[in-house]
Amino acid sequence: MKPPAFAYASPRTVDECLALKAEHGEDARFIAGGQSLMPLLSLRMVRPAVVIDLGRVRDLAYWRREGEQIVVGAMLRQRALEQDKALAGALPLLAEATRQIGHPATRSRGTIVGSLCHADPAAELPVCALLLKAQIVLASTRGRRTIAAEDFLVDALSTSIADDELVEQVRLPAARPGTGYAFLELARRHGDFALISVAASVSPEAGRVAIGGLGSAPLAFDLQAPDFAAESQRIAQGLQPPADLHASAEYRRALAQTLIERALAAAARRSKT
Amino acid sequence: MNAPATFLDVTVEINGRKTTPRIVEARRTLADFLREDCGLTGTHLGCEHGACGACTVLIDGEPARSCLTLAAQADGAAITTVEGLADGAALHPLQRAFKDKHALQCGFCTPGFLVAAAALLRENPDPSELEVREYLSGNICRCTGYQFIVAAVLAAAAEINGKAGADV
Numbered sequence: 303m304k305p306p307a308f309a310y311a312s313p314r315t316v317d318e319c320l321a322l323k324a325e326h327g328e329d330a331r332f333i334a335g336g337q338s339l340m341p342l343l344s345l346r347m348v349r350p351a352v353v354i355d356l357g358r359v360r361d362l363a364y365w366r367r368e369g370e371q372i373v374v375g376a377m378l379r380q381r382a383l384e385q386d387k388a389l390a391g392a393l394p395l396l397a398e399a400t401r402q403i404g405h406p407a408t409r410s411r412g413t414i415v416g417s418l419c420h421a422d423p424a425a426e427l428p429v430c431a432l433l434l435k436a437q438i439v440l441a442s443t444r445g446r447r448t449i450a451a452e453d454f455l456v457d458a459l460s461t462s463i464a465d466d467e468l469v470e471q472v473r474l475p476a477a478r479p480g481t482g483y484a485f486l487e488l489a490r491r492h493g494d495f496a497l498i499s500v501a502a503s504v505s506p507e508a509g510r511v512a513i514g515g516l517g518s519a520p521l522a523f524d525l526q527a528p529d530f531a532a533e534s535q536r537i538a539q540g541l542q543p544p545a546d547l548h549a550s551a552e553y554r555r556a557l558a559q560t561l562i563e564r565a566l567a568a569a570a571r572r573s574k575t
Numbered sequence: 134m135n136a137p138a139t140f141l142d143v144t145v146e147i148n149g150r151k152t153t154p155r156i157v158e159a160r161r162t163l164a165d166f167l168r169e170d171c172g173l174t175g176t177h178l179g180c181e182h183g184a185c186g187a188c189t190v191l192i193d194g195e196p197a198r199s200c201l202t203l204a205a206q207a208d209g210a211a212i213t214t215v216e217g218l219a220d221g222a223a224l225h226p227l228q229r230a231f232k233d234k235h236a237l238q239c240g241f242c243t244p245g246f247l248v249a250a251a252a253l254l255r256e257n258p259d260p261s262e263l264e265v266r267e268y269l270s271g272n273i274c275r276c277t278g279y280q281f282i283v284a285a286v287l288a289a290a291a292e293i294n295g296k297a298g299a300d301v
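Chains as they are written, first to last, in the numbering used here: chain S, 303 to 575; chain F, 134 to 301.
No lab work stands behind these hints: they were computed from the structure. Ideal Cβ positions, reconstructed from N, Cα and C, are used throughout, including at glycine. Mixed in with the good hints, there may be bad ones.
The calculated lysine to aspartate or glutamate pairs, modelled on DMTMM-like cross-linking and capped at a C-alpha distance of 20 Å, are [claimed, not checked]:
id, chain 1, residue 1, chain 2, residue 2
1, S, 387, F, 216
2, S, 304, F, 170
3, F, 232, F, 193
4, S, 387, S, 370
5, S, 387, F, 195
6, S, 304, F, 169
7, S, 574, S, 552
8, F, 151, F, 216
9, S, 435, S, 507
10, F, 151, F, 208
11, F, 234, F, 264
12, S, 304, S, 355
13, S, 304, F, 158
14, S, 387, F, 169
15, S, 387, S, 368
16, F, 232, F, 169
Some chain F residues judged to face chain S by a derived CB distance under 8 Å, without partners named [as the list claims (entries may be wrong)]:
id, residue
17, 182
18, 196
19, 198
Whole structure, please, built from the sequences with the hints as guidance.
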């Protein structure tokens with residue numbers, strides 16, 4: 303089906319974006335890569351009056367290192383994690399997860415920030431953002447505020463963004479020596495949304511996992527002990543995964559336990575190299 | 134900056150040639166722009182929601198689903214469609230290989246596969262079978278079972294690697 307009629311604007315600066323969004327509020331949607339918004343428009347599940355294209359705002363198409371943080375602008379494409387070795391080296395977890403996202407033709411257009419804003423419960427990047435305790439920078443004509451990924455990712459397809467806000471950037475910790483990261487997921491077919499996905503980080507002092515595919519916002523857990531088998535069982539037992547046509551709740555819970563244990567083991571191995 | 138508009142001028146470069154500006158609706162997808170406004174019907178519409186890959190084109194050299202792109206987003210970009218692969222009457226090595234290896238039956242998915250494969254060989258001129266399958270996993274075929282498509286891409290790669298200066 304074809305998208306419903308809307309008006310289109312292509313601002314060149316962040317301030318122009320914010321002014322448009324302040325004027326039109328919830329009647330305007332930003333389009334970045336369009337890989338999530340375009341299907342919604344084509345299926346007429348959303349009917350914005352205005353679509354604001356971020357694609358020509360040069361000030362959003364960047365990544366940079368600021369001390370121990372990697373700052374990713376709203377228009378950085380997912381493929382940058384495959385094609386830019388410096389970025390992949392600084393964000394190895396996202397680089398590993400991005401190989402599971404869609405297909406080359408969607409990753410060449412889709413953006414990292416866009417995936418976080420869409421907040422699909424089975425998407426990979428929100429899980430990574432939650433694991434890494436990413437910071438989301440929201441901009442509006444009222445100013446800027448920074449919130450934790452945990453507070454941004456509220457529910458399935460739902461974030462705490464306000465009607466007049468743009469996610470300008472996401473800030474993530476750069477990989478540190480002595481910490482290993484791993485991302486594992488199981489999907490029916492390669493490139494599909496995950497039944498369950500797990501991101502893990504392990505260092506000599508701590509371990510942390512984040513889990514997606516739960517039908518809600520992703521969940522994160524800090525390890526209480528270095529016993530990966532026991533901890534993966536403890537964490538999985540506490541999950542309430544959905545049952546749907548792809549998998550039962552019991553299957554997802556069992557899958558989560560297995561993937562958590564494997565991801566922790568992989569992250570632990572990598573922390574030693 | 135211009136206020137939001139429901140109709141826009143769109144100019145693109147397609148297969149190396151600049152189009153005349155066309156006035157299109159803001160909601161016009163790049164796929165429909167190519168097919169309806171530019172008369173280039175080689176790009177096909179399979180699902181119109183990004184799942185099948187039949188609409189694959191190159192935007193500034195990168196593979197993209199033209200059904201998930203607005204024509205307005207592509208204004209000013211360089212687009213490559215399946216019509217841009219052949220050199221006049223001379224088929225692109227991928228097209229010859231698809232023909233020789235029986236990599237098409239109904240042909241509906243074929244333009245998407247050809248453009249995606251062209252993008253692959255640009256990025257990775259000597260892919261393994263696994264890399265070919267991985268890269269083309271976003272393109273769906275209902276007829277062939279993919280075996281001969283993979284063989285055709287590998288054959289084309291081998292031929293291109295034997296010849297210097299092959300373009301696209």
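Results of checking the hints against the structure:
1. With a C-alpha separation of about 33 Å, the suggested pair residue 387 of chain S and residue 216 of chain F falls outside the 20 Å cut-off, and the hint is violated.
2. Taking the CA atoms of residue 304 of chain S and residue 170 of chain F, the gap is about 15 Å. The hint holds against a cut of 20 Å.
3. At roughly 27 Å between alpha-carbon atoms, residue 232 of chain F and residue 193 of chain F are farther apart than 20 Å, so this suggested pair is violated.
4. Using a Cα cut-off of 20 Å, the hinted pair residue 387 of chain S and residue 370 of chain S holds, with the two alpha carbons roughly 17 Å apart.
5. In summary, the hint linking residue 387 of chain S to residue 195 of chain F is supported, as the alpha carbons are separated by about 18 Å, within the 20 Å threshold.
6. Between residue 304 of chain S and residue 169 of chain F, the direct Cα distance comes to roughly 13 Å. Compliance with the 20 Å bound is thereby established for this hinted pair.
7. A distance of roughly 34 Å separates the Cα atoms of residue 574 of chain S and residue 552 of chain S; the hinted pair therefore is violated under the 20 Å criterion.
8. Taken as a hint, the residue 151 of chain F and residue 216 of chain F pair is honoured in the structure, with Cα atoms around 15 Å apart against an allowance of 20 Å.
9. Of the supplied pair hints, the one linking residue 435 of chain S and residue 507 of chain S holds, its CA atoms being roughly 17 Å apart against a limit of 20 Å.
10. Between residue 151 of chain F and residue 208 of chain F the alpha-carbon distance is near 11 Å, which keeps this suggested pair within the 20 Å criterion.
11. In summary, the hint linking residue 234 of chain F to residue 264 of chain F is supported, as the alpha carbons are separated by about 19 Å, within the 20 Å threshold.
12. A distance of roughly 18 Å separates the Cα atoms of residue 304 of chain S and residue 355 of chain S; the hinted pair therefore holds under the 20 Å criterion.
13. Among the hinted pairs, residue 304 of chain S with residue 158 of chain F is consistent with the structure: their alpha-carbon atoms are about 11 Å apart, no more than 20 Å.
14. Proximity of residue 387 of chain S to residue 169 of chain F is assessed by CA-CA distance (about 40 Å); at most 20 Å being required, the pair is judged violated.
15. For the suggested pair residue 387 of chain S and residue 368 of chain S, the alpha carbons sit about 17 Å apart, so the restraint of at most 20 Å is met.
16. Distance restraint check for residue 232 of chain F and residue 169 of chain F: the Cα-Cα separation of roughly 27 Å exceeds the 20 Å cut-off, and the hinted pair is therefore not satisfied.
17. Hint on residue 182 of chain F holds. Least Cβ distance to chain S is approximately 4 Å, under the 8 Å limit.
18. A cut of 8 Å between beta carbons decides the hint on residue 196 of chain F: the least distance to chain S is about 4 Å, and the hint holds.
19. Below 8 Å, beta-carbon pairs count as interface contacts, and residue 198 of chain F has one with chain S at about 5 Å; its hint therefore holds.
Hint check: violations occur at hints 1, 3, 7, 14, 16; the rest are consistent with the structure.
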